[in-house]
Amino acid sequence: MKIKLVVALLFATIFVTEAQISSPVFKDKTDSAQYSQVQIAIRELVQQNPNSMDNRKKFDSLLTISNTLRGKIIGYKVIYKPNDQFTDYRDVLNGKVDPTEVTQLSFANNSLKKFPKEIYTCTNLKELELVNVRVKKLPKKLGNLTELKSIYVYNHTSKTRLRLSKNKTTEALLIRGTEAARLPKQYKSFASLRELDLTANIGLTQFPDISRNTKLNKVNLLNNQLTLTDVDKIKHATLEELNLLSNKITQVPASIANFPSLKKLVLSNNPINGIDPAIGQLKKLEELAFYNCKLKELSKGIEELENLRQIDLYYNQLTTISIDLSKLKKLEILYLSNNELTSLSESIGQLSSLQELYLSHNKLNYLPKSISNLNQMKVLRVNNNSLTSFPYEILSLKNLENLDISRTNLYGIPEELSSFEKLQIFALTGNTWERNDDIIRIAEVLRKKGTVVHLNTLENEVDPPGDN
Numbered sequence: 042m043k044i045k046l047v048v049a050l051l052f053a054t055i056f057v058t059e060a061q062i063s064s065p066v067f068k069d070k071t072d073s074a075q076y077s078q079v080q081i082a083i084r085e086l087v088q089q090n091p092n093s094m095d096n097r098k099k100f101d102s103l104l105t106i107s108n109t110l111r112g113k114i115i116g117y118k119v120i121y122k123p124n125d126q127f128t129d130y131r132d133v134l135n136g137k138v139d140p141t142e143v144t145q146l147s148f149a150n151n152s153l154k155k156f157p158k159e160i161y162t163c164t165n166l167k168e169l170e171l172v173n174v175r176v177k178k179l180p181k182k183l184g185n186l187t188e189l190k191s192i193y194v195y196n197h198t199s200k201t202r203l204r205l206s207k208n209k210t211t212e213a214l215l216i217r218g219t220e221a222a223r224l225p226k227q228y229k230s231f232a233s234l235r236e237l238d239l240t241a242n243i244g245l246t247q248f249p250d251i252s253r254n255t256k257l258n259k260v261n262l263l264n265n266q267l268t269l270t271d272v273d274k275i276k277h278a279t280l281e282e283l284n285l286l287s288n289k290i291t292q293v294p295a296s297i298a299n300f301p302s303l304k305k306l307v308l309s310n311n312p313i314n315g316i317d318p319a320i321g322q323l324k325k326l327e328e329l330a331f332y333n334c335k336l337k338e339l340s341k342g343i344e345e346l347e348n349l350r351q352i353d354l355y356y357n358q359l360t361t362i363s364i365d366l367s368k369l370k371k372l373e374i375l376y377l378s379n380n381e382l383t384s385l386s387e388s389i390g391q392l393s394s395l396q397e398l399y400l401s402h403n404k405l406n407y408l409p410k411s412i413s414n415l416n417q418m419k420v421l422r423v424n425n426n427s428l429t430s431f432p433y434e435i436l437s438l439k440n441l442e443n444l445d446i447s448r449t450n451l452y453g454i455p456e457e458l459s460s461f462e463k464l465q466i467f468a469l470t471g472n473t474w475e476r477n478d479d480i481i482r483i484a485e486v487l488r489k490k491g492t493v494v495h496l497n498t499l500e501n502e503v504d505p506p507g508d509n
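If you use our numbering, the sequence shown corresponds to residues 42 to 509, in order.
FYI, nobody ran anything at the bench for these hints, they're computed from the structure.
Possibly wrong hints are sitting among the right ones.
As the list claims (entries may be wrong) - Lysine-lysine pairs mimicking BS3-like chemistry, simulated, CA-CA at most 27 Å apart:
{"#": "1", "residue 1": "Lys118", "residue 2": "Lys182"}
{"#": "2", "residue 1": "Lys341", "residue 2": "Lys371"}
{"#": "3", "residue 1": "Lys167", "residue 2": "Lys155"}
{"#": "4", "residue 1": "Lys177", "residue 2": "Lys167"}
Since the structure is predicted, the reported quantities are computational estimates derived from the model, not experimental observations.
Let's have the full structure, built from the sequences with the hints guiding it.
Here you go:
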C-alpha cells in the first residue's frame, strides 16, 4: 500500500501541473530516456507484488535513481488549456460576438504566425492570452488597444524568440512553459510594464534584462534554474517585489543590493547556504522569505533591515540566531519553526512590535525571560520542543490569541492561564499531565469564555494540525 501511494504521488507531481498536461524536460536527452525507462519499471513493479522483499529493494533502488534524475529536470513541457472564462478568438472571426464587448480574449492552439486583423476590432479588450501558439511577435498594433493592460503567453512554440514591439499600454506580461531560447531578449519595448511574470519556463538560467523598464515594480521568476550569478549586470532602482522561489540559488550575492527599493523578497525553496552582508542595503525591505533553504547561520546584514516586518526562516538548519534581533524594531512576524535551535538570545525581548512568533519543532529547553516584554504578541507556537517546565514568562503576554504548547514534555500549566481574556485557540496536546483534573478545569474555564482548547485524547479530541 505504501509503495503504491508513493508511486501515485510521484506521477501526480510529475505529470500534472495546474490541471494541465505536462512532461519533464532534461538538458541531456540521455537523462530523458533513462527517466522514462525508470518510470516504466516502477509502474511494472507496482503491478506485480510490490510488498515482497525483493521488489521493495528494487523499488527503493529505482526511486533513488528517479530522484537523482529529477534533480536534472530543467522545466516542464506543458500543453496548456485556454481559460474558459475568456472569449475564443474564433467567435470574433466568425461574427458570433460583438468585438466591442469583448474584454478577455483567448488565442489558442493554432499554427498562425501573426494575429488576424479582426482582433484589433476588440477596442475594449483588457486581457489577451496566447496559448500553445506560434506567433513570432507581439505587434505594435496591440498598443493601439488602449484598454489592453495584461498579456499572457503560455507555451510559445515558435522556433525563434518572441519579439516585443513598442507598446506603451500593456502593464502586465506573463510568459510560461516556454524554452529559454524562445523568450524575449529584452523587455524595454513594453515601456509601461509594471509586472513581469516568467514563472515555470524551461531552462531559464539568466536573470531577465529589466534595467530599462523603469516603471516595473514586480517580477515573478518562480520555478526556474536561476542562480543569481549574473545579477551584477542588472540594476533597477524602483523594483518593489521579487519572487525567486524554487530556483537553483546557493548564495545570495552582494548584487542583490542592485534593487534598493525592494519591499518583498522571496528566496524560499532554494539550496541557499550563504547570504552576502550587502542584503542589509535593502533599507525598504518589509518581507523576507528563506523558507526551506540550507541556512546554518544568518548574515549580519539582516540586522540592518530597519523596515523589516516579516521574516520566514522555516525549515533551515539554524542552531542559533547569531544576529542582534533587537535592531529589527518593526518586526511583526518571526518564523523560526523546523530548525535546530537550542536557545534564543535575550535580545528577542526588544522586538517591541512582534505579534507572531513561531518556534515549533526545534530543540528548545527554555524560552528567554525577555519574552515577557513582548506585550503585542498575539500568536506564540512553541509546540514540539523540550521545555519540560512551563515558561512562566508567557503569563505576561495578556494579548495572546493563539498559544500552542503541544508536545513539549510539560507536566502541568499554571492556573493563571484561565484568566487570559483574548485567547481564541489554546493547544496543549501530547503532554503527560501529572494532574489531569487541573488541566481539564483550566480548559473548561477557557471554553466558557469562547476559547477553543485542544487537549489530550483523554477527551477523545483530535490533535490540531501542526505547522506547515
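Item to complete: Tell me, in ascending order, the numbers of any earlier hints that this structure violates.
Response: The structure breaks only hint 1.
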